Amino acid sequence: MDVLDIARWQFGITTVYHFLMVPLTLGLGMMVAIMQTRWVRTGDEKFLRMTKFWGKVYLINFIVGVATGLVQEFQFGMAWSEYSRFVGDVFGAPLAMEGLLAFFVESTFLGIWIFGWGRLRKGLHLAALWCAVIGSWISAFFIIVANSWMQHPVGVEMGADGRPVMTDVWAVLTNNTALAAYTHTVLGALVVAGMFLLGISWYHLWRRRHDGIDTVDETGRVVVGETDAAPGRDRTDHGVWIWSLRLGAVVAVLGFRGPAVSGDVRGKLMCGQHPMKRAAAEAACHTGSDFSVLSLGDPGSKDCGDVITLIAVPGALGFLGTGEWGADMPGIRDLETHYVDQYGKTIPDEAIYGDLAGSDVQYVPVMWVTYWGFRLMIGLGGVVALGGLVALWLTRKGTVPRSPWIMRLALLGIVAPFAANIAGWIFTELGRQPFVVAPNPTGVDGVYMFTAAAVSPGVTAGELLFSVITLSAVYGIMLVIELVLMVKYIRGGVAASMPELASRASDSDDDHPSGDHRDDVLAFAY
Amino acid sequence: MEPLPIVWFIAIAVLWTGYLLLEGFDLGVGMHMIFSTRSERDRRVMLNTIGPVWDGNEVWLITAGAAMFAAFPAWYAALFSTLYVPLTITLVGLIIRAVGIEYRGKLHTERWRTIWTWMIGLGSLIVAFCVGAALALTSTGLPLDANGDRVGGPFVWLTLPAVLGGLAVVGFALLHSATFLGLKADGPVRERAGRFAARWAPLCLAPAAAWAILVQIEHGGTPLAWTFIALAVVAAVAGWIAARARREGFAFLGFAGFGLFGVAAIFAGMFPLVLPSTVDAAFDLTVWNAANGPYTLGVMTVVAAVSLPVILLYQAWSYWIFRKRVTPGMIPEVHIVLPAVLRAR
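Chains as they are written, first to last, in my numbering: chain A, 1 to 526; chain B, 1001 to 1345.
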């Protein structure tokens, strides 16, 4: 592997890993804020418990997201210094805005929230959480703005030194690609959180039935019970889980409608901005208007004859792309000719490209990845929406069926939206290749950059390999630790995150409930 | 002379100062957790003095990096790519430290806590050393060609100034955190921290002072820079006197003042250079040839001018909320997490 390949793997691995934590942070943070708001408004103990339990799980995940996010900012300069120089006038701004306008808010107020239990007035404490959550959502916006500029550069002119110069920050911030991608991303994050709530709550309701705490009457309606023999398993506990489950299911179902609509908007934008990505998503070798539901063969092969479309919806592709049924969409072969005319058949013979100078440019992305990535994203999204509806139906009488298999399926369902998110990102980032900054068909001429030119000229393959191996190893260990902790705290139920609840159960014989409770003991400490 | 590149040079100096002064004590507390005590309760007292604020403090680093990218992309690109190996190690340090702080108290076994104590301590040491080394190198120079790319192998950065800068931030963090613990903790931790500051202050500050003077010698220090150095020395001496008299507040202010004026002296001494080339002075990166265009700098100036005062305000508020000393009695027992499962009776 050469420097470019290692650098791309390095970026891909660290970014995909980071994005395992991000959607859960965005989505679950919003859920916890809603729960705490309900608690402050109603004073209902159930919502306090929900806030504590889901808040704890949120924090276990949050920190790994923060830690791996640092890598993102550093590695533009480390591995992609030519890219950083080329785009510096426009790309650094959203990153700095993220820090100044969002990340400070998020981190400072989250610290206040974590340690603020019992020290701040209820309303102020809640406000701190909202600040942190809104901060993380704004943070996501600036990152998407930066990424979308790579997909669709706007708001710039060509500078005297051959580098784009920002002329309109508003155009950069309201890039239509960014608005569509942001909507799509945050709604996808809500779906992640929804399925997370659903799966875990299902487990606890199932556990309560399995342990004989909850039973059902002859009509199938739940009879809520309680026990002292397991931590935190009182009557309120049932309310915590059924409420969380339904909230999760509703968010997952409604959330999916969002990505479906915003995905359609993105698809139409993609047709104008990235016709090649769109064609690769369909493995559409030839110009036409049929939407491929299933194609077999080797879509990555050079020869389009290898691709056999088994099922196709005539005319649907034109509709998805332009809103007009049966409109012709250009195929890969036609587009390739067009790209070669516009941007050259070979990589320019310049020093910056090293060994790659003069070699043929691959304008067609790795098609099996884009084709299946696109279908995986949409397919899993559909599964999630259906799963949410089924869950609402099965739990209409207040609890879950006793079947351990359905419970396992609900837990497995947590994985689906994560996978859909990752598949979507791999599709959209790989579909941008061979450009790191894709040319904007309606933008300023010359504002594009081949990925091959973006890598740091001074950095050796050995250094890149060192960081790929080191970071992958650290990330792998962190993932295991995060999962172990999550499982531990999830299995522990609410009592795991509310020590007062656990001690209430074990000290229930005591006559002095206030006991030796001291005011100055921290409600939470590391 | 355009004003905006100078404004951004100052802004980046401010961001790095904010980082070193705030995260400085977080990093130092992390290191003290390893060697200053053997008691688990003391370790938890230490960790909880920075608990509510460390994450917010770390954002100064992220923003300093992003501001370099947004204002001086040539500086950001040259420095970060040249220091590929040490920055990778820095990232590992940042990761193990952050995760350690959050996860250490989440399980109750002794082995779990010991592992994370070491991760927090080593992570803090790595971050302090590498950040110091990187800043020292940007003030004294790296072997760069005309394009701003590294001449030489992956370890050409490992020079005397790099080691000096690394030791400078490690030493400063150890001392700064000792006076911080003197203000924020109570009990044995406060005692030991007070003794540490009184005894080791000169040794802790010597590398930083040497670095600041080295910068002046290399770049022919200006009167402004020398003034800052004089102020730093005065602050350090005042801090040391206060530390020996166990006047905790003045000791903290004195050493913080040393940090503030020290960083100011280094940045004032290197201006208008941002990253000199040791290969050829013609390849030096300066505020003039590394800066972005006036439009981008103007936009960022507005954003920074609006947001920085607000950031200072709410960060100050967070310190105000958690202004009480952390005492050993305030530390709750570690909660043992059990599965919510009915045991077979």
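There may be inaccurate statements among the hints.
If the Cβ cut is set under 10 Å, some of the chain B residues that face chain A in the computed set are [as the list claims (entries may be wrong)]:
#, residue
1, 1295
2, 1296
3, 1317
4, 1322
Think of the hints as simulated: they come from the structure by calculation, not from any bench.
Being a predicted model, the structure only gives us computed values, none of them experimental.
Just so you know, even glycine gets a beta-carbon here, dropped at the ideal spot from N, CA and C.
Q. Which earlier hints can't be squared with this structure?
A. Of the numbered hints, all hold.
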